[in-house]
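There are 2 protein chains.
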Amino acid sequence: MSELFVRTLRQDPADAEASSHRWLTRAGYIRRVAPGVYSWLPLGLRVLAKVEAIVRQEMEAIGAQEVRFPALLPREPYEATGRWSDYGANLFRLQDRRGGDYLLGPTHEEMFTLLVKDLYSSYKDLPVILFQIQTKYRDEARPRAGILRGREFIMKDSYSFDLDEAGLQASYEAHRQAYIKVFDRLGFEYVVVQAMSGAMGGSASEEFLVVSEAGEDTFVRSPGGYAANVEAVQVAPAEPVDASGTPAARVILTPGAGTIDSLVEACQRAAPRSDRPWTGADTLKNVVLMLTAPTGERQPLVIGLPGDREVDLKRLEAAVAPAEATPFGEEDFAAHPELVKGYIGPVRLAEAGPVAVLGERGSSGLRYLVDPRVGPGSAWVTGANQADRHLVDLVAGRDFQADGVIDVAEIKPGDPAPDGSGPLSLTRGVEMGHIFQLGRKYAEALGLKVLDRDGRLVTVTMGSYGIGVSRAVAMVAEATCDERGLAWPKELAPYDVVIVLAGKEESMRQAAQSLADELSAAGLDVVLDDRPVSPGVKFADSELIGFPLSVVVGRSLADGLVEIRQRASGQRQPAPLAEAAGLIVEAVRG
Amino acid sequence: MSELFVRTLRQDPADAEASSHRWLTRAGYIRRVAPGVYSWLPLGLRVLAKVEAIVRQEMEAIGAQEVRFPALLPREPYEATGRWSDYGANLFRLQDRRGGDYLLGPTHEEMFTLLVKDLYSSYKDLPVILFQIQTKYRDEARPRAGILRGREFIMKDSYSFDLDEAGLQASYEAHRQAYIKVFDRLGFEYVVVQAMSGAMGGSASEEFLVVSEAGEDTFVRSPGGYAANVEAVQVAPAEPVDASGTPAARVILTPGAGTIDSLVEACQRAAPRSDRPWTGADTLKNVVLMLTAPTGERQPLVIGLPGDREVDLKRLEAAVAPAEATPFGEEDFAAHPELVKGYIGPVRLAEAGPVAVLGERGSSGLRYLVDPRVGPGSAWVTGANQADRHLVDLVAGRDFQADGVIDVAEIKPGDPAPDGSGPLSLTRGVEMGHIFQLGRKYAEALGLKVLDRDGRLVTVTMGSYGIGVSRAVAMVAEATCDERGLAWPKELAPYDVVIVLAGKEESMRQAAQSLADELSAAGLDVVLDDRPVSPGVKFADSELIGFPLSVVVGRSLADGLVEIRQRASGQRQPAPLAEAAGLIVEAVRG
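Protein chains in written order, with the working numbering: chain Z, 116 to 705; chain D, 116 to 705.
Hint data in this document are derived by calculation from the structure and do not stem from the laboratory.
Glycine included, C-beta positions come from ideal geometry on N, C-alpha and C.
Take these hints with a grain of salt, some might be off.
[Said to hold, decoys possible] Facing chain Z, a subset of chain D residues (Cβ under 7 Å, in silico):
| no. | residue |
| --- | --- |
| 1 | Val-148 |
| 2 | Leu-156 |
| 3 | Gln-180 |
| 4 | Arg-212 |
[As the list claims (entries may be wrong)] To be clear about the criterion: a stretch of chain D counts as covered by chain Z if any three or more of its residues have a C-beta under 8 Å from a C-beta of chain Z, and this derived list gives those stretches:
| no. | region |
| --- | --- |
| 5 | 226–234 |
| 6 | 402–416 |
| 7 | 529–538 |
Chain Z with its partners taken away, still in its complex shape (with noise of 0.2 Å):
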């Protein structure tokens, strides 16, 4: 321990978010570099290898081969395919000393692309599954939590390459089995749930989620088996009401009524209903957004959904990928003066009846899209586009038209799964793992085609998979911590037991240090804390550095005796000087 390069420190990192990434800058496991940057120190490198160790045993394990692809990459393939583009600020570009285009890898699909069209050309080459542990670049918007959400990571991502429907399905198979393997060796509570495909394309996917505050992943659940990411979520589109017996829209005045509970006031006030009182979910608000592509053009969006919920910025985010959205701003309003800020709805009252304000074929001209909710026959509460004034009994396809439908309001407990199986649960997860069919996308986009039985060029099917494993080493973190610190699970901990020489008698270094020996010459990883510092401050130290076992040598060593500690229990044992070995190599072991 006194020439171990580690410092613990006492105390946090200035943007501490997760507590994975406090204990392990504390404990000297990982040290920033930048934002989202950061050097794997001896503890955190060798936990990061035991990591990688279970990842490619399981990938091996499916008959998945090795390779390492560089990550510094031509921008050629990633235009052909459109990402050079659609992956936004999110990708890191450079160029070379000649002015040629580069980019730092963010996944491979491209390169494994062209990898196989080069080197493979019949039926009979598939299938074959090839994967890589290898570092990835994505210029994060939100770096966070240190190495949970960083700007270079590790990931092993893995392509499959098959024939036909059936091979893709059993590629996939393989994979989800084997990322169970992974994730149940790496100890994590997690669920598989169904994914958007993203930037990625293709036409299903799953991640594997691991229940964590951390997360800024939601996925839900339903008692009937349902699981999803929150992005995911389909929700069915409403039936269709008959509206005939709806009264004509009317407006009401409802002066300073700027958000729903104050709207749904006003509505008791001005104009009560007859068979329950108003509530937020009758009312329709109109929500106004700047969607920027990633060639920098703009075009704004209207968004028209039930008053009672939010647009849920992540469902915005994977619905109008790979653009952006923004709140519309103050000029974008000037622009716009028939919409008036708080009163916004998509018709205007006229002497005939309702007209147009909102949708391509409106005064606006804004492009608005509404929530499956707001149903054909739905009547709704919503702005006049009048200061103070809302109108009342708006009927969806009689008096206003959307230009489609947008499936981004927030998902809340209790919200039936889309299936049918029950009413939702929302749950927090980290994303550890996602599994994609990704189909024929890439091998269109870059001429992948083998000959098959009979002779003929087919276009080859494919799949993608990914782990994060830098992540996982600071979900294994966070999973098992606590408030002293880190209690890695024995078969990730950086070594296996630490031996606390808690005295300054010759005889105890003298027994510690060939207790040390004992346990190396078994096999064993070894530290022998022979600092010139307190116990107090080894104890301290070992709890926090997280060793699953410590050997204390002091006092009782006069009565032959040593203490073994387990750090997850807490668990004290004394034990003879003489059996300790035995039994650390049985607890390691065992």
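Fit chain D to the given chain Z structure using the hints.
For chain D alone, kept in the frame of chain Z given last:
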């Protein structure tokens, strides 16, 4: 083999300059992605992992501790040491989404210095040696020969931190010995030579060069043990000569004497010597260059050197770094009409005697540096700065003054070693390792100080040490290949043995399969070549891929025999099937 992701190619890569590049590509070890940027295929990655393991073992054996830095690094530390600009166009630079400046690390001196500064503060913490095996980036002007000189490559870089000079010497020597072990284990024929420190700075450095015609480096050796990279050879300044008997400089007519040979002939005719014929070594050639600093600032330079020697471009590059030298252009000459091409000299002759043309006080104002052989009192034939005219008996120090000395002339076989240890011979080599005594350059620039025993802050002294890990794979290939392909030493081969199934009979298939199983069970890495191709194709591929051993299971199986072939020696040996496994295990382990 039917499942292994490898396809051997019949065509050489278009840009194959080195055998290693040719064979590693054709045998399916590496694949080009962009100039100087390669992917590792499964066979290549296995060899790379073995080289990495050897390097890691020897670094750990000297107590070095492994860490891993990011490749994506912020500008500031490199700005502090000057390398952000000194590296010039060799550095890949990029900006993140917020406009922050980043680079892709070419080496990590700055980052290691800051890490130790971050965690260490006392003399008690030292010495420490840290290393990483990590991906590096250099935007080489001339990437070449596959992975021999790439733009993305894998390096082992280590850094030592010591309190004083004696500590640095010990860390340096430990590395020197570790490198000897590494290069011995890799089987290289190599030399350790004095080297230039280049952009790295620092006081002393040595290179480990592997003798190879594919090398871009040239090194010299003397019978007495002197060894240096030509870049690092320091030619002794010429002893002063008594010029009191040398006649005054005079003009001779030399029409058409555009080359040194024709000039010597012209001298022979116009001003024959009484003692001996003129030689090229009597002439003073003046080479005009333009230097461009990393900042873009341009400054001309004239180099005067004996006419029988050329300027050595690598010695020049090393001498003027970080500036780059290019030939003087037509426009540059037009701006200096006093320079008459083919007749340039340090002076022109006026009635009162020689008048300076070159040198900062000459009429051209051009900086003028001369070879160390142009010593005080030496007499020269050189240009007269007039068409068709040269000067004879122009004496250094008497008739012209240089602004200084520059030691960039080519070294020739037979030149004396600077230390008097005999005539030099020249050999080409590839730089595989470089060890530097950096001293305090980086620690001073970045403020790495620790408290010494007396409580005073002292600046730490550092060393930095590199091994080209991916390059080592190429060099092992280069050193061991023959006209049929690769021939790996058994310690580095991707697989220990290939079993060539050379026939279609079921008995052969069964024998081959059980031999493969038996060898795998014994812990060997085995490939079974079960492809439906001819034995000839299999033999050719096994030689191209370079399996150290092959076992042919073919017709002789009827007599209970297989054939064991050794790739490197070409030796073939029949063996009873029952004994084959034992013989192979012995050959691999022995």
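Results for each hint:
1. Val-148: Val-148 (chain D) check passes; min Cβ-Cβ to chain Z is 6 Å, inside 7 Å.
2. Leu-156: 5 Å, holds
3. Gln-180: It holds, given that the least Cβ distance between Gln-180 (chain D) and chain Z is near 5 Å, below 7 Å.
4. Arg-212: Holds. Min distance 4 Å.
5. 226–234: It holds: at least three residues are needed, and the region 226–234 of chain D offers 4 whose Cβ sits within less than 8 Å of chain Z.
6. 402–416: Since 0 is below three, the answer is violated.
7. 529–538: violated (count 0)
Hints 6 and 7 from the earlier list are contradicted by this structure; the remaining hints agree with it.
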